[in-house]
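**Student:** Both chains are sitting in their own frames, so use the hints and assemble them into the complex.
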Amino acid sequence: MSREPVLIRYFAWVRERIGLAEEQLSLPESVVTGGDLVRWLAERGETYAFAFETPDTIRVAVDQLHIEQDEPIGEAREIALFPPMTGG
Amino acid sequence: MVMAAVPRIIVCVGPDDFDVGAEIDALQAGDPAVGAVTSFVGYCRDEGGRLAALELEYYPGMAEAEIGRVVKEAVARWPLLAVTVIHRGGRIKPGERIVLVAVSSSHREAAFAACDYVMDFLKTRAPFWKKEHLAEGTNGGWVAAKADDDKRADRWKSKTD
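Quick mapping for you: the protein sequence lines, in order, are chains A and R. The first sequence runs 16 to 103 under this note's numbering. The second sequence runs 357 to 517 under this note's numbering.
Hints listed in this document are in silico derivations from the structure and should not be mistaken for laboratory results. You may find that some hints are simply not true.
[Said to hold, decoys possible] Among chain A residues calculated to face chain R with C-beta under 8 angstroms, some are:
id	residue
1	W28
2	V77
3	Q79
4	H81
5	P87
6	P99
7	G103
Bear in mind the structure is a predicted one, so any value in this text is a computation, not a measurement. Where a beta carbon is used, it is the ideal one built from N, C-alpha and C, also for glycine.
So here's chain R without its partners, still in its complex pose (with noise of 0.2 angstroms):
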């Protein structure tokens, strides 16, 4: 019997852009049990003009740790190979990344779906928050969460994949 390779897992939070398309081939780096790499790119948007920043406040330690207990609980899910998760803080302009979530595996189905649950629990769990910078110059305040990221990852309690 062939055991499994343990998947590897970066976690990464700080203020740096990263590159997406060098971090998407290193899920895959000449492993030839990869047969699917998924990956979610989350952007700044401006807000149809209104923003001008996003201030992205978080709890170092618990951000990484948080999004780490994420990924294992994904990996015990689903037939990885990989996951990167790349979460910015600080100052982030509109055009500008935020987030990477990328995954791999054998085959499409389990790189989708675990994409999808990362996301969506990085978004209700992970310590993260926005303040918003409006482009007239004010300060836009603290954005809201909202109850339908809540229904996102609460759709995963019933699913059986």
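Isolated chain A (complex conformation) (with noise of 0.2 angstroms):
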């Protein structure tokens, strides 16, 4: 059974990076926690790598919740990938 495509987002410097706000993927059930789809993704090429050069920096929101990289996404239908927080 395959997955259903995950809407996939991005802020700040790694939609900059990334060269894109959004999109929708296909993840391979290898994919477990958000750390793997943070390596993952930076195996999808140059821009991708450049927004990924320090994974360990990098935020998870799985449907609009934090989690730490060593937790599952689950089900997810949307994740979102960002730096850490600025605001305020």
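**Tutor:** What follows is the structure, given as structure tokens:
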């Protein structure tokens, strides 16, 4: 059984480096955690490698909730990847 | 026994400026239980003349939701009567307001602490990112997150109020 495509969203310098705000992707079964997703995306090409060159700094939100990179993405419909936040 | 009213919570994210006086007055709003309103207003600095503007990007939907979660934690921790959080997005020039956190309570201790708490976690958890536009006309790049902000947020874990 293959997974449903997931809406992947990028913000701030992750978005700028990739050159996309969002895309629909079918994730392989090997992508289980947030960290797996970051490492898998980093292999997609030069722009992705640049965006994820320091993978540990990347924050992951699943269906608009923060997760740690070692936590599972589950059956997410929307996953966002972004740098540490600087609001306020 | 008189049941405590559910705190009134307003969270607003968008491009528009806000009227600080009107927002603070609205927190009291004729509620005779209110004894204290505290507020924090964050402004865009010019960084010694270096900065022309900040561009504030945010994650629509999650920004409101995450601030709402932080406010709910504060409401669970202190006896609050009302909380208003307004955070602007888009291009903001030096001297303009970026954020308002205002809290009402019967007493000042809870109001001060809750306002401080909401600001600390808004900075570390709400999905906003600042990009600098420099006075000389160039793009100054994205503002880096500060380790001090994480430390400020962490101190609440050990605090017993």
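**Student:** Please go over all the hints and tell whether each is borne out by the structure.
**Tutor:** The hints, checked one at a time:
no.: 1; hint: W28; verdict: holds, 5 angstroms
no.: 2; hint: V77; verdict: violated, 10 angstroms
no.: 3; hint: Q79; verdict: holds, 4 angstroms
no.: 4; hint: H81; verdict: holds, 7 angstroms
no.: 5; hint: P87; verdict: violated, 19 angstroms
no.: 6; hint: P99; verdict: holds, 4 angstroms
no.: 7; hint: G103; verdict: holds, 4 angstroms
In this structure, the hints that do not hold are numbers 2 and 5, in rising order.
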